[in-house]
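Student: The primary structure of each chain is shown beneath.
2 protein chains.
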Amino acid sequence: MSTRPPLEILDSVHHVAVSVKDVKSAVEWYRRNFRCKVSYQDDTWAMLDFANLKLALVLPQQHPPHLAFVHSEADKFGALNTHRDGTRSCYIKDPAGNSVEILAQD
Amino acid sequence: MSTRPPLEILDSVHHVAVSVKDVKSAVEWYRRNFRCKVSYQDDTWAMLDFANLKLALVLPQQHPPHLAFVHSEADKFGALNTHRDGTRSCYIKDPAGNSVEILAQD
Numbered sequence: 001m002s003t004r005p006p007l008e009i010l011d012s013v014h015h016v017a018v019s020v021k022d023v024k025s026a027v028e029w030y031r032r033n034f035r036c037k038v039s040y041q042d043d044t045w046a047m048l049d050f051a052n053l054k055l056a057l058v059l060p061q062q063h064p065p066h067l068a069f070v071h072s073e074a075d076k077f078g079a080l081n082t083h084r085d086g087t088r089s090c091y092i093k094d095p096a097g098n099s100v101e102i103l104a105q106d
Numbered sequence: 001m002s003t004r005p006p007l008e009i010l011d012s013v014h015h016v017a018v019s020v021k022d023v024k025s026a027v028e029w030y031r032r033n034f035r036c037k038v039s040y041q042d043d044t045w046a047m048l049d050f051a052n053l054k055l056a057l058v059l060p061q062q063h064p065p066h067l068a069f070v071h072s073e074a075d076k077f078g079a080l081n082t083h084r085d086g087t088r089s090c091y092i093k094d095p096a097g098n099s100v101e102i103l104a105q106d
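From first to last, the protein sequence lines stand for chains U and L. Going by my numbering, the first residue of the first sequence is number 1, and it counts up by one from there. Going by my numbering, the first residue of the second sequence is number 1, and it counts up by one from there.
Looking at chain U on its own, in the form it has when it is part of the complex:
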């Protein structure tokens, strides 16, 4: 963009997914140590809600660890897949090979 708004608007990190070996024991550990809410949990992954961020705990062989950003022009990064919860996203890699999910703003 050639112009920027006077107050810079920053993008948000929607969630971060980190690898665990066992979802149940990881959820218990985070719940025991932090004030967070479990918004989803099965045997392969769980989503914990913190005040400013969602933290996904994933079995890496089934759900790759990644960073997820909300982006106003997500479709410019690739074809968006619609998930069961209605969100739309695509996955790309950063230069280090980290998986990055780009979520549409809608």
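Please note that the accuracy of each hint is not assured.
Just so you know, same-sequence chains aren't split out, so a pair can sit in one copy or run between any two.
Below, in silico cross-link-like pairs of lysine-lysine (DSS-like), each with a Cα-Cα straight-line distance of 25 Å or less [unchecked claim]: (1) 21 to 93; (2) 24 to 76; (3) 76 to 37; (4) 93 to 24; (5) 93 to 37.
No lab work stands behind these hints, which were simulated from the structure alone.
Mind docking chain L on chain U? Use the hints.
Tutor: Below, chain L without anything else, positioned relative to chain U:
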């Protein structure tokens, strides 16, 4: 705790540190693709500010990747080290071996 406030207060994720191979090119990639601010950068790590989270890009051999939480009772997790910027924290591991930094609220 035996009692909870009526409106549950959740803890915050202070920052997330992910591994990169080259700090400069990683910073350029995230800057090109997202609206974020570089609040610190040297050859071994950088800190990017997003709307809701700080994202550290680190050379893993010098700065281990980790999740950092603000906690009201950080000192119960271990002896706190005071950093150059005045923050105090300790590092622990979650059950999967992920490094977790516990930052004091002050």
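Student: Could you place residue 93 and residue 24 in one of the four classes (within, between, both, neither) given a Cα distance threshold of 25 Å?
Tutor: between (29 Å within a copy, 16 Å between copies)
Student: My question is about residue 93 and residue 37: at a cut-off of 25 Å on alpha-carbon distance, are they close within one copy, between copies, both, or neither?
Tutor: between (29 Å within a copy, 20 Å between copies)
Student: Please work out whether the CA atoms of residue 21 and residue 93 approach to 25 Å or closer within one copy, between two copies, in both situations, or in neither?
Tutor: This pair counts as both: shortest intra-copy Cα distance 23 Å, inter-copy 13 Å.
Student: Cα distance capped at 25 Å. Does residue 76 pair with residue 37 within a copy, between copies, both, or neither?
Tutor: between (33 Å within a copy, 22 Å between copies)
Student: Cα distance capped at 25 Å. Does residue 24 pair with residue 76 within a copy, between copies, both, or neither?
Tutor: Result: close only across copies, 24 Å inter versus 37 Å intra.
Checked against the numbered hints given earlier, the structure satisfies every one of them.
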